[in-house]
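J.: In order, the protein sequence lines correspond to chains A and B. Residue 152 in my numbering sits at position 152 of the first sequence, and the numbers go up by one each step. Residue 360 in my numbering sits at position 360 of the second sequence, and the numbers go up by one each step.
Where hints are given, some of them may not hold.
To be verified - 30 Å max Cα-Cα, derived BS3-like pairs, lysine-lysine:
#, chain 1, residue 1, chain 2, residue 2
1, B, Lys265, A, Lys353
2, B, Lys131, A, Lys377
3, B, Lys131, A, Lys334
4, A, Lys341, B, Lys265
5, B, Lys80, A, Lys334
6, A, Lys341, B, Lys80
7, B, Lys216, A, Lys334
8, A, Lys334, B, Lys265
Worth flagging that the hints you see were computed from the coordinates, not collected in a lab. Keep in mind that this is a model prediction, so the values were computed, not measured.
As a plain string of letters, each chain reads:
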Amino acid sequence: MLHNLFIGELADRLRKRQISSVELTRHFLSRIERLNPALNAFITLTADRALADAAAADARLGKGEEGPLLGIPLIHKDIFCTDGVKTSCGSRMLDNFIAPYDATVVARLKGAGTVMLGKSNMDEFAMGSSNETSYYGPVKNPWDISKVPGGSSGGSAAATAARLTPFATGTDTGGSIRQPAALTGVTGLKPTYGRVSRYGMIAFASSLDQAGVFARSAGDAAAALQVMAGFDPRDSTSVDVPVPDYSKSLGQPLKGMKIGLLREFFEGLETRNAALLEDALNIYAGLGAETREVSLPHLPLSVPTYYVVAPAECSSNLSRFDGVRYGYRCDNPKDLMDLYKRSRGEGFGAEVKRRIMTGTYVLSAGYFDAYYLKAQKARRLITDDFRSAFEKVDLVIGPTTPTPAFDIGAKMNDPVLMYLNDIYTIGANLAGLPGVSVPCGFVDGLPMGLQLIGPHFAEAKLLNAAHQYQQATDWHTHAPRGYES
Amino acid sequence: MNGWEVVIGLEIHAQLATKSKIFSGSATAYGAPPNSQADLVDLAYPGVLPVLNARAVQMAVKFGLAVDATVAHRSVFARKNYFYPDLPKGYQISQYELPVVARGSLKIVLDDGAVKTVGITRAHLEEDAGKSLHEGLSNASGIDLNRAGTPLLEIVSEPDMRSAKEAVAYMKKIHTLVRYLEICDGNMQEGSFRCDANVSVRRHGQAKLGTRAEIKNLNSFRFVEKAIQYEVARQTELIESGGKVVQETRLYDSDKDETRSMRSKEEANDYRYFPDPDLLPVEIDEAFIEAVRATLPELPDQKAARFARDFGLTAYDAGVLSASRELGAYFEAVVANLGASHAKLAANWIMGELSSALNRENVDIENSRVNPEQLTGLLNRIVDETISGKIAKEVFEAMWSEDKPADAIIEAKGLRQITDAGAIEGVIDAVIVANPKQLADYRSGKDKLFGFFVGQVMKATGGKANPAQLNELLKAKLGGGNA
Chain A
1 MLHNLFIGEL ADRLRKRQIS SVELTRHFLS RIERLNPALN AFITLTADRA LADAAAADAR
61 LGKGEEGPLL GIPLIHKDIF CTDGVKTSCG SRMLDNFIAP YDATVVARLK GAGTVMLGKS
121 NMDEFAMGSS NETSYYGPVK NPWDISKVPG GSSGGSAAAT AARLTPFATG TDTGGSIRQP
181 AALTGVTGLK PTYGRVSRYG MIAFASSLDQ AGVFARSAGD AAAALQVMAG FDPRDSTSVD
241 VPVPDYSKSL GQPLKGMKIG LLREFFEGLE TRNAALLEDA LNIYAGLGAE TREVSLPHLP
301 LSVPTYYVVA PAECSSNLSR FDGVRYGYRC DNPKDLMDLY KRSRGEGFGA EVKRRIMTGT
361 YVLSAGYFDA YYLKAQKARR LITDDFRSAF EKVDLVIGPT TPTPAFDIGA KMNDPVLMYL
421 NDIYTIGANL AGLPGVSVPC GFVDGLPMGL QLIGPHFAEA KLLNAAHQYQ QATDWHTHAP
481 RGYES
Chain B
1 MNGWEVVIGL EIHAQLATKS KIFSGSATAY GAPPNSQADL VDLAYPGVLP VLNARAVQMA
61 VKFGLAVDAT VAHRSVFARK NYFYPDLPKG YQISQYELPV VARGSLKIVL DDGAVKTVGI
121 TRAHLEEDAG KSLHEGLSNA SGIDLNRAGT PLLEIVSEPD MRSAKEAVAY MKKIHTLVRY
181 LEICDGNMQE GSFRCDANVS VRRHGQAKLG TRAEIKNLNS FRFVEKAIQY EVARQTELIE
241 SGGKVVQETR LYDSDKDETR SMRSKEEAND YRYFPDPDLL PVEIDEAFIE AVRATLPELP
301 DQKAARFARD FGLTAYDAGV LSASRELGAY FEAVVANLGA SHAKLAANWI MGELSSALNR
361 ENVDIENSRV NPEQLTGLLN RIVDETISGK IAKEVFEAMW SEDKPADAII EAKGLRQITD
421 AGAIEGVIDA VIVANPKQLA DYRSGKDKLF GFFVGQVMKA TGGKANPAQL NELLKAKLGG
481 GNA
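For reference, chain A alone in the conformation it holds in the complex (with noise of 0.2 Å):
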């Protein structure tokens, strides 16, 4: 079945005109009609808008060009801009938003011939473990629909594994790719901080934020950076550094190379999980791998110097969402005052503006030190000890989240218990570098995630381990039920 079909292949199909990227995008449109209703990973479907684009990438095959991604489908996470299409970052505060451009990851991908299916469901502004702060209602977990698919970008991982789409874009803050993927059984990967221009992505907390990909391979993930990833003028944080030919850089072999298991991650892991993990080892082993422990001894500071870190940022970045220029505007205010405090009042929900406080009060007179500046201070020690990891191994491994996916609501209530679902994903964004999750197996019939996590920039390194551990093991393909054809 064409959906179960990786990017190259899709590719392949194409050049040589056995499929037309039209008679590709119907079918992946008519799945999403069929399996969506379900599962509720979409805000916004666009399937004129992707007819057109799948005809126009015709035409160019036509021409006889070609391109890795030139007519195929995606999804974009609801956060990333798309001219003249809605943009709602899964809030009420702007589900009248129409943006007027394009994020330069949007661009970048139109411009290789991507076909754009629709705009993923997400977490309320990024903000969220588990897809439930949606405006739009929680995205449901293909492996069990009463289960929830990780967050922030739950719609983009759902719609992954349920073959809805061959990839999707995300954006990771905390954790908002891995997390989901690892409970979606899907690759995700979130490039090293300033890899991928932000300019577009509405900012959460951005020295946090990045965008990447979901897909259902290594292979198919390198495919996809190589069109996002590069310098952009526009983001003064992204990083003018070369961009590697990652599809090429697969199939190095691993032999010598130094994998460090995580001391700290692997302290207290559930059992099923850490025997997950050590059949991952022992593959590594068998590839020629060498590993060794490593320990990052700041790491435990990494969910409270995060939810200080994080709210500070998004307390000042959505103070733009006022009802003054767009967006969701309260009715009749009565001055000012009244106009500020209830558009935001009706137009964020809970979550957002429990962070949108926390960040507030943090950064307040007589706490900014006590809080802010402890986290900076927090935030480099765990950058360092990243540092000094990388001078004794090539990539650090570990869990990407400590259990499966968890009930819908049953979190929700206890936003600490919550939080601490990014506990192995945060460190990374605090350092800035880039990890990915690939499947590593099931712990009572849910798809669990393995994490990699490498130094800055080492993104053609970490997707060749992934994809030299997917060559020697077959979880990534791996659907769920209802789902495979």
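Here the structure of chain A is known, so what remains is to put chain B in place on it, guided by the hints.
T.: Same frame as chain A, now just chain B:
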């Protein structure tokens, strides 16, 4: 005022003369239709990001070098968070803990001629906000974001000034400097150059500073002077009558000539400054600084010193003529043709007749109707004694209104000075004959009547008699009778 010391510090906002905004590509031109110069970045659309305009940094560094300040190798943009409709992001990007320029100083000349050094604490880059418009709208406010994102250099002085006059002298000096450096057009009416004044008073000899009030948004030198004078009087009266000055922000009302409380310290915003994660720290290396230094023009103090040294001008004249690059250039163009030995004559004419004509017609010196070559043409006729200084003023007025060279006017109006001693003597004789009574009085000791005879001769010659010759000849004729 007896027994009180006034302490003033100024925060001057100079709008930098970049073509585009500090963090977006929109134009900064003044007076465009509302919101026609605001792009998605200025409107703070979701997802957009700021990109720093390198020209603004160059200009800030240029200023720093001109005031002998330290240019920071690393400075950081921070967010100043507050809600206001003309602030689209809900925060202003400014510099807080690490400004681009720190620890400079500037010399000002006081009324008694003494030179005073005013410390410059820091100068930092920031973006301006937009404007809220209330006029002509019923039950609504308009917002014009054309100004939002315009680069500003905020120049913060030490509390070194001790009177309203000193504060104005400092502000004028900064005004001169930023225009010299071509980093600000200095247009105060359009708000390109404005200041906040921090004012406090304390008893003479008291070490601790008094509680200060900050007077916001003063956009003329006169308002700065008046607002400070009012504020000093208010504070001293308040303390003398047993009250206490409270730390607050005040606004100056120029119609009523008073300051009014805007908000107290308790009502002040907590701006929650933190480093802007969208912008990297600004790294400035020595090569950048040296490249900017190479673009520095001759500075006002350097020019004044050169004028005094090379042309023998007084410190006052040299200061006036170097107050703007254009004025200095005009003066130098005249002197180049006239000769350095006549520099004082040129200075007097430029500071006198020319300046009053420019003021009267409200014209800038670059657009003067009498250009340096034309003025030189006139002054040459004074030097070669073709006309007197007095006649020259008449010729100058004609040049201004008729746009003709001096020589043409002198010829057309027959204003050439009479230097023929015989001709002058003839007129003197006629005047003496016509005024026998005055002659008798003069000769009997009424010396003051000498001026009467000078006047009569000048009247008869249409003012064209060479004054020095006339004096000499007249003295001889009048005195001759006495002897």
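J.: Within 30 Å, alpha carbon to alpha carbon, are lysine 334 of chain A and lysine 265 of chain B?
T.: OK: lysine 334 of chain A and lysine 265 of chain B at ~27 Å, within 30 Å.
J.: Measure nothing beyond the straight line between the CA atoms of lysine 341 of chain A and lysine 265 of chain B; if it is 30 Å or shorter, mark the hint as holding.
T.: 24 Å, holds
J.: Is the Cα-Cα distance between lysine 341 of chain A and lysine 80 of chain B 30 Å or less?
T.: Roughly 20 Å between the alpha carbons, so the hint for lysine 341 of chain A and lysine 80 of chain B holds.
J.: With the threshold set at 30 Å, check whether the alpha-carbon distance from lysine 131 of chain B to lysine 377 of chain A stays at or below it.
T.: 39 Å, violated
J.: If you draw a straight line from the CA of lysine 80 of chain B to the CA of lysine 334 of chain A, is it 30 Å or shorter?
T.: 27 Å, holds
J.: Need the status of pair lysine 216 of chain B, lysine 334 of chain A: alpha-carbon distance at most 30 Å?
T.: 29 Å, holds
J.: Hey, lysine 131 of chain B versus lysine 334 of chain A, does the alpha-carbon distance stay inside 30 Å?
T.: Answer holds: lysine 131 of chain B to lysine 334 of chain A is near 21 Å, not above 30 Å.
J.: Given the proposed pairing of lysine 265 of chain B with lysine 353 of chain A, does the C-alpha separation stay at or below 30 Å?
T.: Since the Cα atoms of lysine 265 of chain B and lysine 353 of chain A sit roughly 28 Å apart, the hinted pair holds (cutoff 30 Å).
Checked against the numbered hints given earlier, the structure breaks only hint 2 and satisfies all the rest.
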